[in-house]
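Undergrad: We have chain A; now place chain B onto it with these hints.
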Amino acid sequence: MNRKTTGFGVGTASIINIFLILCLTTFSLLSYCSSRQNLRYARKAVSYAQSYTEAEYKANQILAQIDKKIAFADPQTYAEEIYSLENSDNIHVEYTDNGYIASFTAQSDNNCSFNVAIRIPLSPSEERYTIIKWQTNNTGNDDNSNGGQNIWDGQTF
Amino acid sequence: MLKLQSKKSARHISSFFIEIILVLLFFSIACAILVQVFAKAYNQNREADRLNRAVMSATAFCELYSDTADIDNASEKVFNASPDGNGNITIPCNNKNNGKNPDRVMITEHTDDSETGTLSTATIKLFYKDKTLCEMHSSCYIKKEVRHE
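These protein sequence lines map, in sequence, to chains A and B. In case it helps, the numbering used here puts the first sequence at residues 1 to 157. In case it helps, the numbering used here puts the second sequence at residues 1001 to 1149.
Don't read these hints as lab results, they were simulated from the structure. Worth double-checking, as some hints may not be accurate.
[As the list claims (entries may be wrong)] Below, simulated BS3-like cross-link-like pairs (lysine-lysine); rule was C-alpha separation at most 30 Å, straight line:
(1) A:Lys44 / B:Lys1143
(2) B:Lys1077 / B:Lys1125
(3) B:Lys1131 / B:Lys1077
(4) A:Lys68 / B:Lys1007
(5) B:Lys1100 / B:Lys1129
(6) B:Lys1077 / B:Lys1144
(7) B:Lys1077 / A:Lys69
(8) A:Lys133 / B:Lys1143
(9) A:Lys133 / A:Lys68
(10) B:Lys1100 / B:Lys1125
(11) A:Lys133 / A:Lys69
(12) B:Lys1100 / B:Lys1077
(13) B:Lys1129 / B:Lys1040
(14) B:Lys1144 / A:Lys133
(15) B:Lys1143 / A:Lys69
(16) A:Lys133 / A:Lys44
(17) B:Lys1125 / B:Lys1040
(18) B:Lys1077 / A:Lys44
(19) B:Lys1143 / B:Lys1125
(20) A:Lys68 / B:Lys1144
(21) A:Lys44 / B:Lys1129
(22) A:Lys44 / B:Lys1125
(23) B:Lys1129 / B:Lys1077
(24) A:Lys44 / B:Lys1040
(25) B:Lys1131 / B:Lys1100
(26) B:Lys1100 / B:Lys1040
(27) A:Lys133 / B:Lys1077
(28) B:Lys1077 / B:Lys1143
(29) B:Lys1131 / B:Lys1040
(30) A:Lys44 / B:Lys1131
Since the model is a prediction, treat every value here as computed from it, not as a measurement.
The shape of chain A in the complex, shown without the other chains (with noise of 0.2 Å):
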């Protein structure tokens, strides 16, 4: 009545299989989602220092532009040629005591804009403007916008 047992017997190999085919899908899908999620990451970063790049372009065109009105702006109608930059690009003509702020926004295809902000002299001056704001706002859309987790916005209840 004494059975001698190997200790391997039948169906201990498939149990064995079993865990380590299931260890290996796991790990497998874990680096594949880990792996796409980065290749993801790294297009959307080539694309907004796409975007940012193209916006700072069409900053320095607008600049351009409104350098070449300033510069040649006829001394007995300085102010009214000022004024008359808001009719392109959708640039905004502000009067201050320290000069005229000029300021637009450029715009890339999707992701990135800038704010710029320009003072022009009272009267033609040799230093014809001087940035007074080059500031970056995206305009992206944020993935974490719908269904993201709420996060506390630092108010007590």
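TA: Below, chain B alone, put in the same frame as chain A:
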């Protein structure tokens, strides 16, 4: 009695071997599929790494160029090399970085010169094995002194 026992043990051994064969077959099929998933994940990670490095180099170049509009200075600082006549920079690959860095950079410059200032634009393209990784435009406006008569 002995015969019956030996028959039982032979059947036990044969069923064990059949199981082992089936297990190995199943395991090899599963491994073939899972290795492909691992390989895909590895390649995606390398591509992400390459894109990150490309965008960092391109951004550094654009920042330097937008300050000075000096294409040679910017490329010397970022890529340790100046572009040739066609605007190309070939980055030597060493074994350590092989496959992780872009292998070729193309820089072109366009200058719009007017009486009031110069609007310079540089376009930088980074390649890996003739595939474009990223393309960026950097610009710089430098105003000039205008003398009214």
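Undergrad: Now tell me if each hint is right for this structure.
TA: Results for each hint:
| no. | hint | result |
| --- | --- | --- |
| 1 | A:Lys44 / B:Lys1143 | 34 Å, violated |
| 2 | B:Lys1077 / B:Lys1125 | 17 Å, holds |
| 3 | B:Lys1131 / B:Lys1077 | 24 Å, holds |
| 4 | A:Lys68 / B:Lys1007 | 103 Å, violated |
| 5 | B:Lys1100 / B:Lys1129 | 12 Å, holds |
| 6 | B:Lys1077 / B:Lys1144 | 27 Å, holds |
| 7 | B:Lys1077 / A:Lys69 | 36 Å, violated |
| 8 | A:Lys133 / B:Lys1143 | 17 Å, holds |
| 9 | A:Lys133 / A:Lys68 | 19 Å, holds |
| 10 | B:Lys1100 / B:Lys1125 | 16 Å, holds |
| 11 | A:Lys133 / A:Lys69 | 20 Å, holds |
| 12 | B:Lys1100 / B:Lys1077 | 20 Å, holds |
| 13 | B:Lys1129 / B:Lys1040 | 19 Å, holds |
| 14 | B:Lys1144 / A:Lys133 | 21 Å, holds |
| 15 | B:Lys1143 / A:Lys69 | 13 Å, holds |
| 16 | A:Lys133 / A:Lys44 | 26 Å, holds |
| 17 | B:Lys1125 / B:Lys1040 | 26 Å, holds |
| 18 | B:Lys1077 / A:Lys44 | 26 Å, holds |
| 19 | B:Lys1143 / B:Lys1125 | 27 Å, holds |
| 20 | A:Lys68 / B:Lys1144 | 10 Å, holds |
| 21 | A:Lys44 / B:Lys1129 | 22 Å, holds |
| 22 | A:Lys44 / B:Lys1125 | 17 Å, holds |
| 23 | B:Lys1129 / B:Lys1077 | 23 Å, holds |
| 24 | A:Lys44 / B:Lys1040 | 20 Å, holds |
| 25 | B:Lys1131 / B:Lys1100 | 14 Å, holds |
| 26 | B:Lys1100 / B:Lys1040 | 16 Å, holds |
| 27 | A:Lys133 / B:Lys1077 | 28 Å, holds |
| 28 | B:Lys1077 / B:Lys1143 | 25 Å, holds |
| 29 | B:Lys1131 / B:Lys1040 | 19 Å, holds |
| 30 | A:Lys44 / B:Lys1131 | 18 Å, holds |
Of the numbered hints stated above, those contradicted by the structure are hints 1, 4, 7, listed in ascending order.
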